[in-house]
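Q: So the chains spell out like this:
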Amino acid sequence: MRKTIFKGTALPLLLLAPQLVITAIFFLWPAGAAIWQSLLQEDPWGTRSEFVGLRNFAEVLAEPEWRGAAWNTLLFSTSVAVLAMGTALFLAVQADKSIRGANLYRTLLIWPYAVAPAVAAVLWLFLFHPSIGLVGRALNQAGLAWDYKLNGNQAMLLVIVAAAWKQVSYNFIFFLAGLQSIPRAVLEAAAIDGAKPVRRFWTIILPLLSPTAFFLLVVNLVYAFFDTFGVIHALTGGGPGKATETLIYKVYVEGVQNVNLGSSSAQSVILMVLVIALTAVQFRFIERKVHY
Amino acid sequence: MRRYWPHLWLLIGVLVFAAPIYITLIGSTHDASTIGRGDVPLLPGTHAAENYSAAWVSGGSGRFTVTPASRMLLNSTIMALSIAVGKIVISLLSAFAVVFFRFPGRMIAFWTIFMTLMLPVEVRIIPTYQVIVSMDLFNSMAGLTIPLIASATATLLFRQFFLTIPDEYVEAAKMDGAGPMRFFRDILLPLSVTNIAALFVILFIYGWNQYLWPLLVVNDRSLETIVVGLAKMIGTGDAQNEWNVIMAMAVLALLPPVAVVVFMQRWFLKGLTETEK
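Each protein sequence line maps, in turn, to chains V and L.
The letter at position 31 of the first sequence is residue 31 when you use our numbering, and the numbering goes up by one with no holes.
With positions in the second sequence counted from 1, the corresponding number in our numbering is that position plus 292.
Hints in this document: simulated from the structure, not taken from any laboratory.
None of the values given here were measured: they were computed from a predicted structure.
Treat the hints with care, as some may be off.
Claimed, not checked - Straight-line C-alpha distance at most 20 Å; calculated SDA-like pairs for lysine to any residue:
{"id": "1", "chain 1": "V", "residue 1": "LYS149", "chain 2": "L", "residue 2": "ASP530"}
{"id": "2", "chain 1": "V", "residue 1": "LYS97", "chain 2": "V", "residue 2": "GLY86"}
{"id": "3", "chain 1": "V", "residue 1": "LYS97", "chain 2": "V", "residue 2": "LYS196"}
{"id": "4", "chain 1": "V", "residue 1": "LYS7", "chain 2": "L", "residue 2": "GLY471"}
{"id": "5", "chain 1": "L", "residue 1": "LYS524", "chain 2": "L", "residue 2": "GLY328"}
{"id": "6", "chain 1": "V", "residue 1": "LYS97", "chain 2": "V", "residue 2": "VAL186"}
{"id": "7", "chain 1": "L", "residue 1": "LYS524", "chain 2": "V", "residue 2": "GLY239"}
{"id": "8", "chain 1": "V", "residue 1": "LYS7", "chain 2": "L", "residue 2": "ARG398"}
{"id": "9", "chain 1": "L", "residue 1": "LYS562", "chain 2": "V", "residue 2": "PHE215"}
Here chain V stands alone, though its shape is the one from the complex (with noise of 0.2 Å):
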């Protein structure tokens, strides 16, 4: 806590004026809406609206489209995950054993975390179109039937790797950093007793290393969730049929083409409490590495 200040209320509250005044009226006020409106029903007309308590909750909550595209999203983003996060470590692993390459393998692998997803699904549907595709084609004359625009697992697969994509550097980053801040003689002792490589790691290395992992855990997730409607908007609309269609896509399609507020607004308040546990657990987490 800091001794010396300075006095005044007036000036203060002017400084925090901008912030506040965005903060409410672009955030708040919109999130407030987003509540009452998930209670209410509107008639087709969008004349007139009725208070109808919980009961939008209970219909998205019932709806099969709703549970496909909650499957969908845990589908897509533990495997965005785990293939980010897991490409990232072996990565880092082996940048860490070369010394002097460490930062020049960096400066090789962290420039994809730049492109937007949006321009990152482009990049792949480049190598993936089943026509015009290097890879795609390649597939297809090897005998394999590929067209992600008509076949809903190979639709998933090619969003989750344009996704993972572009999340590996970041997670490379830290996982680098994470391993050069491993005490080198905690490893040479190791060593020096006879543990292998590979039970170094196991043993050694990966208990060393779960804080940053569990931190970029939940950092995957939350840009797998929310940040990845440019990979999925731009490669294939939520298709083929509902394939590819996340639970923030379905806010979208129902608010936006739909136009549906009842079940719009009650979609967006489930996601605002995943949100909040979210980022309860990330901030719990952060506190305590900064108390460490």
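Start from chain V and add chain L according to the hints.
A: The following block gives chain L in isolation, referenced to the frame of chain V:
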């Protein structure tokens, strides 16, 4: 031999990561029929100039013609800069108020800002859109940028940094008769330069890569940003698309943020590890 395995794996990693970009770069130098046939060459062709000028001047000539890249790049640049600078300015001011003053409502203000972390655009799409429409900000650069300027992350970062500034600095400033704004300008800002630079890199990329928000609040073509414009060119991904021009457009869309990361790498790494999100 064992010593070379890590390098081999890393080289494979680097190549796999670069492959999509490489193919796109190469594709952007060939004509439409070469790519349409599906024989994507692995070496550059001779049509780079016409593809890039088609993207730059007319935004393609196929069914999904979009705003020219020159205009979209300008829009993206204005949007990214406004968001990055706006977030930094209002976060500096709020962190300064919260750390260096005691006033009623201080904690409420702090928690209000913190709440924005839990309310990404994605979970309040429709009501935020309604606010934009009712404030007459639809189809405007202000509507595109102002709602994204509030930033809990940046405020928390500056708050954290301001807390490490020794009390003696404030005492010395007071003794010399400097008021709070003078202290802010002459002492706090110069001390924060590194943090500002690091944050700027992260926020510029964040702003440039916005997708859902521009999609919602802009349908005027003259305000189209390049990331959204590129996705619109794809349509449903038909083989008959003008893929060569689309590839040129993709290169133009990813070049600025990638250049920022590569050339400002030191700041980028600092920004990434300190904002943690």
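Q: Against this structure, judge whether each hint is valid.
A: Hints, one by one, checked against the model:
1. LYS149(V) / ASP530(L): Given that 20 Å is the threshold and the Cα spacing comes to 10 Å, the pair holds.
2. LYS97(V) / GLY86(V): Roughly 17 Å separates the two Cα atoms, so the pair holds.
3. LYS97(V) / LYS196(V): Satisfied, since the Cα-Cα distance of roughly 15 Å is no more than 20 Å.
4. LYS7(V) / GLY471(L): 10 Å, holds
5. LYS524(L) / GLY328(L): 19 Å, holds
6. LYS97(V) / VAL186(V): Given that 20 Å is the threshold and the Cα spacing comes to 15 Å, the pair holds.
7. LYS524(L) / GLY239(V): 16 Å, holds
8. LYS7(V) / ARG398(L): Holds, at about 13 Å.
9. LYS562(L) / PHE215(V): The given pair, whose Cα atoms are some 17 Å apart, holds under the 20 Å limit.
In this structure, every one of the numbered hints holds.
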